[in-house]
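Participant: Take a look at the letters that make up each chain.
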Amino acid sequence: NLCTAALLAAVLVCGLTCASTAAAEEAITEEYESISNANEHVQAQDDYARSQKRREITEHDDDQNEPPPSSSSSSSSSSSSSSSPPSKDYFKEELVIRPLSSGDIYASFQFQTRWDTDFFAPGKKVSHYRLFPKSLGQLMSKFSVREMHVSFTQGYWRTMQWGQPFLPAPPGAELWVWFQDSVADVDGAWKELTNVLSGIFCASLNFIDSTNTVEPTASFKPLGVGNVTHQRFLRYAVLPREIVCTENLTPWKKLLPCGSKAGLAVLMKSEKLFHSSFLSLAVHIRPVCQDWGCKGTAWELRQTVNVVFDLHTTGQGKREWSFFKMFSRTLTEACPLATSSKVYIDVTDNPQGELFELNPAAPSLTQAVVLGDRRTYAVYDLMASGTFGLLRSLNVLLRWKTPVDMLRPLLHGERYVAGYGLQTGEIHTLIYNNHPYRAFPVLLLDIVPWYLRLYIHTLTVTSKSRENKPSYIHYQPSKDRLRPHLLEMLIQLPPNSVTEVTVQFERALLKWTEYTPDPNHGFYVGSSVISALVPSVVAMDTSYTLEHPLFSTFFPCKEESSYFVRVYTEPLLVNLPTPDFSMPYNVICLTCTVVAVGYGSLYNLLTRTFQVEEPSPGVVKRLANMIRYLRGVPLL
Amino acid sequence: MGLLSDPNRRRALTNLLTRLNTPLCIVCYLAGVAWFMGLAFEPFTLRTYMSENAMGSTMVEERFLAGERALVTAREFAAQKKKMGGMPVDWLVKAMQARGLEVFTQSFSRTLPFPDENKERYMVHGTNVYGILRAPRAPRTEALVLSAPCTPGSSNNQAVGLLLGLAQYFRGQMYWAKDIIFLVNEHDLIGMQAWLEGYHHTNTTGMSWTPLEGRGGSIQAALSLELSSDIITSLDLVLEGLNGQLPNLDLANLFYAFCQKIGVLCTIQGKLQRNDWDSAAGYSQAVQTMLLMVLKQASGRPWGDHGLFLRYHIEAASIRGINSFRQYKTDLTTVGKLLEGMFRKLNNLLERLHQSYFFYLLPSLSRFVSIGYYMPAFGLLAAILLLLVGMREPFGPGVLSVLTPLIISHLTGVALYTLPIMAQQTAVEHFPVSETEAVVLTAIAIYTAGLALPHNTHRVLSGEGTEEGWRVLKLIAIFYMAVLLGCTALINFSLGFILALTLVPVAAFITPHVPRVLSALVMVLLSPGSTLLFSIFVYQELQEAPITLLEGWNLFLSVISQGILDHNLYGSLVYPLISLLVYPCWLLLWNILFWK
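Note that the protein sequences, when read in sequence, are chains L and G. Count the first sequence with UniProt numbering and you get residues 1 to 636, in order. Count the second sequence with UniProt numbering and you get residues 1 to 596, in order.
Just so you know, these hints were derived from the structure itself, not from any lab. Note that the structure is a prediction, hence the values are computed from the model and not measured. Heads up, the beta-carbon is just placed ideally off N, CA and C, and yes, glycines get one too. Take these hints with a grain of salt, some might be off.
Covered stretches of chain L, as calculated for chain G (at least 3 residues, CB under 8 Å) [as the list claims (entries may be wrong)]:
#1 134-144
#2 299-313
Output of the computed footprint for chain L on chain G, the stretches with three or more beta carbons under 8 Å from beta carbons of chain L [claimed, not checked]:
#3 42-53
#4 138-151
#5 162-173
#6 177-187
#7 210-224
#8 304-315
Taking beta-carbon pairs under 7 Å as the criterion, some of the chain L residues facing chain G (in silico) [said to hold, decoys possible]:
#9 Tyr156
#10 Pro171
#11 Ser277
#12 Ala418
#13 Tyr515
In isolation and in its complexed conformation, chain L is listed as follows (with noise of 0.2 Å):
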């Protein structure tokens, strides 16, 4: 039985199901959300009643001061943790090294931690930590976050040149939290989160306020098991414009249960990893089944990350990869705590092994389906004692001879700004279905600053030079100094073809306090989200029986004609009138001197009142006139 994380695959099949039935436009939208809503009610029905059944379980030991039984089903484990703590913990940490047909060399770490515990049970508060960061698991209980996902990458994916990475990420910094449907106030919980997240990862997450949040409809379903996606309890911000620096990589490796001292960690010297091409640092947080059968859930920590190395920068120009030129550091011992540590080394280019050559040999081969391929992969199990030979270290080395070829991924987008001038501009957004026969959906998430006003009436969309008419929109216009636009829109994708999204937009001129220090630098727009599901080329693996690879399962599959895909765009730099700011001095002068030259000889002449002087009348007439006064005769 399939956990109900596949949440989001659900809904894009309803969406692609919807898409071809339908004829109305306008019934489709309706009719998509009522089957996800529905497919949605019977999971979390289902869920409820199994959640509901695991609680009377646990309430019911509690009752006897007994664990709750373990249910991963092992009487070993039982037995054992009858007097140790209830809550059972792992930790597993693997490298996947892919060398690329650029000639770069892609390596990707996940640590994963799980934990079979309930933060959330009522009365119980859990305040021993062992394998989980006690840091993160605060963090969970005091927010009632269900999910979390915050990442923090340096440099752009180039999906064109490099493929699909294990774990997408757009440039800057990214935080997505589900939030448990008990919550109240999610934005104050939300805005105290992104502090709190702020101070640990040593990063800027605290500039996340409502004028960068938004709520997803479709884009962002949760990864975990769970009942709730409304999307009412999730928040999704981008921070384009972060700069990731070791700051974040040192709070970040804390997290780890060896830190950096043991296991594949060591590898992560700042000066290398930051030495490179790409490298995006995550984290993510999600309930969990505990076992097969789903009848509990563990919390999982997965922290990531991946690097890419430069062929001309790094490597020199030579197809030739070892740890110690990667890393300068080579394995020596896995992290004593973990238990499984595992180095891959995606050796599917080379069948016969005369493309590519391993130092040492691999000890073992596997495959595994990664984004609609099947692999092969070289592993070195860094548990076993003769992986380390001799020397006592592990230093792989790879040398391979391919020719490069400019890849033509299935799924890829990009975007930029037309026209010039500092008064309007279009977005134009270009999505490519490479797929030879194929069209299949994407969802397309667009969220664009309040200071960029969209003209939302220039929309359109085309495909192959005709008009796409989307099957789903959800847009929400930008309140000034509030919140951003938001556009989602289900777009079907003809096969071997170009997508282009326009929209034009006319710049803001903002008040001279709202100006970045550097407002000549220009304004960041963060990444479009292009969510699909891609037909896959392979049967996609969707048992759980099995031990997968770890770089394998963040995604969960569903179905095996397809694979989930997210493809973030780059970020828009664009410029917004800018006032000289050494201007305002001169300003200052000018319109006092216009005001006081200007206005006052015209208000002067405006409110003076003009007599025609007589000329003075003479000595006689004045005596004449003081007379009369002193007579109080009318005067001459």
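Take the given structure of chain L and dock chain G to it, following the hints.
Facilitator: Below, chain G alone, put in the same frame as chain L:
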């Protein structure tokens, strides 16, 4: 402001202005010209200085050494170009790919409104090749451009060689924070226009091009490289862009700073700076440099491939290698170092170049005249127009008699703007001329016919021209001219100043009572067309390439055709400005002369 509110003193002032009107006008004119000529005098100008902090304090170390290899590449490129008989697109794509760039191509085509005889082209098809060096630390938000035109013949191969050499060297460096786009454009400005329009997805000139597939975000600065010899003696900086736009002065400062640092001779307008400012020769050199800049800016045409970037608010300049008979030679490695240094500094930029001046004149690379200093020269000329307005006596309504010449002059202007291109086919059929000649000669014919047309037309409607009528017309013409020249000078000072220099005296002296034949001759000599002719002679004289009258006339014809082409191809505004506004304005004055 007792002056205005006191009727007595106000009257006195008016009387003074009226009485001394003519001497005042003459004094203003002479003062304006003198002020302008004084701008080149060194003690009156400011020394250039780097305003941008990001480029000032951090000196970079240049390590480019592959000048020889760049020369080898240049020879290979030349051979390929010869073999292909044009741009070797495939070779360039491969060469850029081998250097680790993301390479894209863009093809474009454009049919010119009439054949360009200078460059011998009519139906233009071409391909731009560009490679993007992706910055490791930036998410494709900002970019810098280094471009080299692929010109037919044997010129400019070294520029492409150096461009590829720099691409290879830059690719191995880690410090790039902005994507760097290496562009080889075919058919110089047309290719550049196609690429820029494609990059910004605009279409201002009706060119057809294929959309670009790779971009690097918003372009911050661009340099265009022109090198045609293995060694050079000096580098020339070209700044004048479309419609007289100039890049930020900091870009020129950057070039000058690196020339000083590396020890390369640098020139502007092809003129080397002299140190003896107090001698007559030194001053004359500065004046010549500044006048050349003024003439080039007034022409409103892009003087290098960089000129088209400026429309998109991208600071750009062309760097041209000169190989003369001087002793001191510089090799390609040094030029490469210079470009490396400039790009590293531009890479350090946190904001767009905005700190320094956008409006300036350069009497030499180390001295500049800012807008605050040169505007009074124009202001003094414009003051004459105000003085002339002030002297007019009150008049009664005579709108109808004035409306007719106004409309007719403007219709002539519209004809001058539209007919040459529309009527070229007819002209070619009836006269033994080529298309280009047809266009130019039609333009000149309409211009000349305009002189005969409008005068006396008011008589058809309102009988004899009255004294009052021409006064009203003159007032309107002067207002018109004041607004027109004022606006032009704000956008393109040089054009405004040159026009003011010739048109203001006409406006000042013209009445129906002056000797007609002599005045007509003077007016024709001071008309916009003659101004162009004189400018050509002056320009050639300043370039130290004097020409005979016949050559001058031929050049005049080709300049007119270039002006029309610039307007149609790149959107230069000088031709419409002259034909639709300045020429009708001058015709109004011409009308006054023949009022009776």
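Participant: Each hint: holds or not?
Facilitator: Right, here's what the structure says about each hint:
1. 134-144: violated (count 0)
2. 299-313: holds (count 4)
3. 42-53: The restraint on the segment 42-53 of chain G is violated, since only 0 of its residues have a Cβ under 8 Å from chain L and three are required.
4. 138-151: holds (count 5)
5. 162-173: holds (count 3)
6. 177-187: violated (count 0)
7. 210-224: holds (count 3)
8. 304-315: holds (count 3)
9. Tyr156: Holds, because the Cβ-Cβ distance from L/Tyr156 to chain G comes to roughly 4 Å (cut-off 7 Å).
10. Pro171: holds, 3 Å
11. Ser277: Holds - the Cβ of L/Ser277 comes within 7 Å of chain G, reaching about 4 Å at its closest.
12. Ala418: Because about 3 Å separates L/Ala418 from the closest Cβ in chain G, which is inside the 7 Å limit, the hint holds.
13. Tyr515: violated, 11 Å
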